[in-house]
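Participant: So you can see what is in the structure, the chains are spelled out below.
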Amino acid sequence: MTVSTETLDAVANLAGSHAQSLKKRRTVPTIMISLITVAGLIACWTALSFYKVVSPLFLPSPLLVARSFINLVTVGFVDSTLAQHTGASLLRIFAALFASVVIGLPVGLAIASSRIGKGIFDPIVEFLRPLPPLAYLPLIIIWVGIGETSKIVVISLAMLPAIILSTVAGVKSVSSDRINAARSFGATPAQVLRHVTLPSALPSILTGVRIALGAGWSTLVAAELVAATRGLGFMIQAAAQFLVTDVVISGIFAIAAIAFLLETVARLIERRFVPWGGKL
Amino acid sequence: MSILSFENVSLDYGATATPGKLVLDSINLTLRRDELVAVIGRSGSGKTSLLNLAAGFIAPSRGRITVDGSAIDKPGADRAVVFQDDALYPWLNARDNIAFPLELRSVPKRDRFEAAEKLLGHVGLSGAGDKKIWELSGGMRQRVGIARALASSPRFLLLDEPLGALDALTRVKMQELLLTIWSHSGAGVLLITHSIEEALLLATRIIVLSPNPGRITADIPVSFGRQLLAGQPVRLIKKLSAFHSLQDTLTDLIHDVQVEHAA
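Respectively, the protein sequence lines represent chains W and E. Okay, so the first sequence: first residue is 1 according to our numbering, each after it adds one. Okay, so the second sequence: first residue is 281 according to our numbering, each after it adds one.
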């Protein structure tokens, strides 16, 4: 019996594609592994609360937390809905971010590009950087009172080192050839800063903003502990005082969800404004 | 005719880096606008330092550098630099990179656009203006870098091993492009290169630098570039006995200098 070359090729192709499809079927996507992990954790949580291994006062069931979450959205807790608490917290975070960028960018530029700037600001940044916000919160309250300003000041102080240090790193890593190219076309120092240094440092600055947002969220709860009437941190704190654990857990989930959302938006902004990142 | 001139120039990094480290010693050199001067020499001979001095990025320790008799004390648009690693701006597309020197001078957007399109055509990149820098090959990026330098209408083009990172085939094409640009732009060219062959093919004069400290050991006029411009194929030029003889001479010069230095 003779077999044509075409037939042999067709059989080989078929075998190849079969092997490929088998390989594809065997590979479990990473997202699936993550989803299975989350489902497993929720199942453990459900089992622990269902069999009352832990008292429902300390660990309410996922169903109760979900109901509480819906209740927070529709009715609210301590005179405000979840949206109002979230809005108050976001306002503080963004006001603090704005302040820390407005202060941090020029300070970072001064440290990176001037000996005098480094001499003045470096000790202050190094002093501030390792301090936990709770340590200086009482002092800020003594200085600026218990109003909105103290909360924004504390959050922005927590954000500031990340913005400053990322600006310093970004400016220091600008290629000297890029700067010299602009100088050879007659650029003034101000033009070099605007057209070369800042755009070159942008990837690092945006990374700093992302890190600062994380630091800001961590400080938010501490800042809202003091004389706040709204905010996610305040809501969690108030719920904890009355042992309303389901609201505490809902609040934690809300913070995590918003932090995740902000991180996603920050990444999208990074992709939009720094599309060359990792390509050059 | 504009002249870029080095008058008894020495460069000593003593005040900054290594104390007492003489990089260039008593350099006397002139570059006219109708010349393409190639500088060759071993690593450490101060080729790039020579270019940085001409660009005004660094100041000489002794002597002076002038353009038409006026001392250079800072970088200027009359001396545009093309770097080995292109130094393009990735946040701008190819056209805006080329138009960048014009933007610095506040040239209106429409005029910048037209000038950049024209220069894109000169370097063989018509239609590539909207491309992002990371979408271009190494050769294309260097073309954009050269076009950007030309946009500032410089009197002198300072090229710091602009073809060093390119593959052999692209390099040959770019060498021809450089010659054409030099002959049409009216700018004098100072070319720093490691390649003796490249220097022979392009230059009207070749300067040989000795290492540690860099001193001019030879200043040789050559004419193969003009033959190439006249349409003679590269492969025929490379077969000329004069080409081989000069190539050997230059190799010996660099080698002898090294042996002498080691001794």
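Please note that a few of the clues may not be correct.
To be verified - Computed, partial: chain W to chain E, Cβ under 8 Å:
1. LYS118
2. GLY186
3. PRO199
4. LYS279
Calculated directly from the structure, the hints in this document are not laboratory data. Ideal Cβ placement from N, Cα and C applies to all residues, glycine included.
Participant: Mind listing which of the numbered hints don't hold for this structure, in increasing order?
Facilitator: The structure breaks only hint 1.
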